[in-house]
Amino acid sequence: MNNRRATIITVIVTAFFGVFFLYPVFDILKVAFTGDDGFTWDYLLTVFANPNYLEGLWNAFLLGTTSTLVTFLLALPLALAAYRWVFPGKKWLSILILAPLVLPPFVGAVGVKHILGVEGALNALLIDFGMMDAAAPNDWLGKSKFWGVVMMNALHLYPILFMNVLAALNKLDPAMEQAAQNLGASPWKRFRKITMPLCMPGIFAGGAIVFIWSFTELGVPLVFDYTQVAPVQIYDGIKDLSGSPTPYALVSVMLVISLVVFAVSKLLLGKNNLGTSPRPKASYTQKTLTGVQGWLASGLFLLVFVIAAVPHFGVIFLSVSGDWYGTIFPESMTMAHYSEGLGHPVVVGSIKNSLIYSLGATFLNVVLGLAIAWVIVRSKIWGRNVVDALMMLPLAVPGLVLAFGYRALSDGSFSWLVGASGDPMFLLILAYAVRRLPFVVRAAVAGLQQSDPVLEEAAMTLGASPKSTFMRVGLPLIGSSLAAGAILAFAFAMLEVSDSLILAQQTEHFPITKAIYALLSMLGNGHEVAAALGVWAMAFLAVAIIGAFVLLGRKGGGMFRL
Amino acid sequence: MIKKFARNEVYVFLALLIVAVTPLILQKGEPFDPDDADTRLIIMSPHNETIRREFGEAFSEYWKEKTGEVVYMDWRTPGGTSEIRLILDGDFTRADERGDEGIGVDVLFGGGDYLFKKMASKGRLQKLDVFENQKQWFDGETGIRQSFTGEDCYGKDHQWVGVCLSRFGICYNVDGLKRLGIKAPENWDDLGDPRYFGHIALADPTKSGSVAKAFEMLIQQEIHKQLKTLSREAGESHEHMIDRAKSQGWTKGFQLIQKISANARYFTDSASKIPHDVAQGDAVAGMCVDFYGRAYNEKLKKADGTSRLQWVTPAGGTSTSVDPVAIFRGAQHPKIAQAFVEFLLTEKGQLLWNNKPGTPMGPKHHALRRLPVRPDLYTPERLQYFSDPGVMPYEGEPDFVYNPELTGELFNAMREAIKVMCIDTHDELRDAWETLIEHSDENGVMPPRALRNFSEVRSFSYKKTEELKRLLSKKSTKKESLRVVDKLNRLAANFRRSYEDSQKLAKQNK
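If you read the sequences in order, they're chains A and B. Quick note: the first sequence uses numbering that gives the first Met the number 0, first residue 0, plus one each step. Quick note: the second sequence uses numbering that gives the first Met the number 0, first residue 0, plus one each step.
Where hints are given, some of them may not hold.
[Claimed, not checked] Restricting the straight-line Cα-Cα distance to at most 20 angstroms, the calculated cross-link-like pairs of lysine to aspartate or glutamate (DMTMM-like) are:
1) A/Lys29 / B/Asp88
2) B/Lys301 / A/Glu330
3) B/Lys27 / A/Asp422
4) A/Lys144 / B/Asp35
5) B/Lys478 / A/Glu330
6) B/Lys298 / A/Glu339
7) B/Lys355 / A/Asp41
8) B/Lys27 / B/Glu60
9) A/Lys351 / B/Asp35
10) B/Lys300 / A/Asp322
11) B/Lys134 / B/Glu346
12) A/Lys142 / B/Glu433
13) B/Lys272 / A/Asp322
14) B/Lys272 / A/Asp138
15) A/Lys144 / B/Glu433
16) B/Lys486 / A/Asp41
17) A/Lys144 / A/Asp127
[Claimed, not checked] Just so you have them, the derived chain A footprint on chain B, three or more residues with Cβ under 8 angstroms:
18) 263 to 271
19) 443 to 453
These are computed hints drawn from the structure, not numbers from a lab. Here the structure is a predicted model, which means the values were calculated and not measured. A virtual CB, placed ideally from N, CA and C, is assigned to each residue, including glycine.
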């Protein structure tokens, strides 16, 4: 790729990013650095002088690292098993374990509380089996909040790592492993010396997202009332009636920590020391596990699915429950919540809105993500690593901060974005796109790093135009990585909460998440009715994702070779 | 191969179609297209969906009948009171910078009188016509009073008016109490019982104005108690005695808040979470507003008439306050906005709050369980349709009258103080309290020195809180606001240390 084109792309994407991410964020964050007489470090210093904030930052960091580690322990064996073996029910199990992708997070939290509550299903089960004293039920959510948050993070985020690692594994040239095997390397040594290093870009891509996500996660700690953690302190501080600028200073500290962790880990992990390998000539021959071995592998997948789907089960049961209290299953069942929830006047419009917003954002993400990944991997222009790090920033900015930034943006110099009728469509598409851009960029970068530029050069040498080289060679090679990123971006855009809550103000523009949120506040049976709509959203996303797999699976080698 | 691909595509398409079409089939009534409306009314509100839907539909019908126009109710619901305040502050600042009169929103509906007083004091509201047009609603014994149980029912300059009543109280879970072996709570004091350790649900008073108000009433009750029991000492003036009562009651109130907080399972940011968690058994008792308590009580009522969630008014410890409505300055649709405010005070608008669904003038879908503000509507022929005919807010002498002169000035300083004393230091507070409980003797008497140390709230005595108030009010420059943060940090560090000391002392049974 010549440098001129790379520069043009970089300028366009950076300009977009600058206007729609950096500008609104800095506009909000400047509060943290403006004193009575202009610029000041004072607020930042207050953050470090406040033992509460320091503890909050430390806890957030611990949550980030522990969650990433647990996510890794969960996702890596699954990805390796899916890559190496064929076992009973593999096709469906590999899709089932992506279940966390379809759950609106706050609806899931409502479901979890019915399972893990003092009078929840788990305690009821333990009491029934005589493993717990009915007079002293355990308060799972009240105690050990830290591990509760880690567990929820890991169960929610492992698909990101799983998809990234599997995409990376599928692009390995089996010849490398075979060569190692021929030279007498043990399976463990082969894994350590060949497989792991070769799919490091994939591991890094997923790991960086998981870390920054759980480091800045707000919703899960809120559900567990774990308040001594920086994102919750920021959220509380912004909502605080005193209007102090310190929470914004804390946001900037989190941004810097995220950037540093990203840069350091990229330096240590992101390099693929073995270089890019050419497109594998043969795909890995999977071993078919039979008998006990096969069932063990299926069992592993099933177990992860069942644990990860605990919130889903909670939501499903809640949506049909008359009352669910102190029993394993709801005491009485009813379909009334479905008729009330799905029949509510706000629902149909919100589904249409959500689809427009999410598809728009995904399209924007794929175009921008691909362009920028191309620059990062293929070009030699100065500063491309800075661009790479910049693209991760949206993950580190709390949704609430960005949402208020956009609000100020649309009220000020960018009022044309909302138009006279106050329709936030463009605003929400942009907000969703910016927030999910890291997924697509990471996926595309990982894809490009693993595909060999020699193939594109060959096409060019044979006279193909840059456009047809890209369309016929480059894109198909990274298609599966890009599709994985796009699916994640779409699913998470459909489930986006904070932007939607602040930016979609009028009922006619509500996306589905805000409709669910509105139903949640219904007096009396709000939780059940919201759960019913949540089940619908889960079903829709599940069909959409499985559909994408089925359709993509046909094209060139399959997405994850299911 | 191609066949299989085509078949897959068909399956995927069919599945998507089925899921997508379900809501269309279940949809009740025609979806409303705002473009079909003749006009719209833009309302910002923290009210829940149930209230919004009932009032939206009722007012649309009222307006259609009155003028023949179809009005589109454009609700803006960014969240709770604190989100609304944030949005309004931002929008008005920008509007001022641009030189605009308004912010494109017509009405503010709900959020507690504190929010409305703030908005009025910043000049963001306009005068309501209803006071001129319907003078009889504000007249005499049966009219809406200016003040009830010490709380304002409308703004003195007629910029806001309360439309329904609510009071704060205690909700509790009957099963949970049985498990802990505690009798039902009757007043705020009961929540400080150490047997509640880890089982009380509270909200952060710096996030929620209504919860802060409940804490303030708890303190006022302690001051009232002192006023009743104290007698003038030799040579002491009446004013001095009142000051003494204020200061002693204040300290007792703070000590009680400290104990209740030590029992707290959490401090949530959303007050509506409390009754839900108590109903689900995650907490045993909590502070909660009446209509939530009544709604959950009703929802969980069994065939035999019992319900696991109960709600009580703490004896002598709570006032009745209003939830208001107001019109923003520069409203785009002032005529409809004035009509909406008037509608809320008509008989129909008032009875919606408490009539059972389906009764004349009652709500269509769900009971709202709140109480009308107009005293003249509590008549036997109307009460027969009420969901809560037994609750007669205007009957008898109120057992508590809020006196803003006692604590009102210190309202903001009080919430900051509670945050420092109980929320920022919650881990240490809980640990110390737990150790004190563990080291109590068989009669439940805690190690005396440790307890004394634990209950030391001198840093937030009435006098010191007045100082804090002065400091807070000087926060106009950023340097001063930093000084406040610094001061609060130091106070928190002191409390943290003191709780740790109490824990050590308790371990030594001192």
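Where does the structure disagree with the numbered hints, that is, which hint numbers, in rising order? When the structure is compared with the hints, numbers 3, 4, 5, 7, 17 and 19 turn out to be violated.
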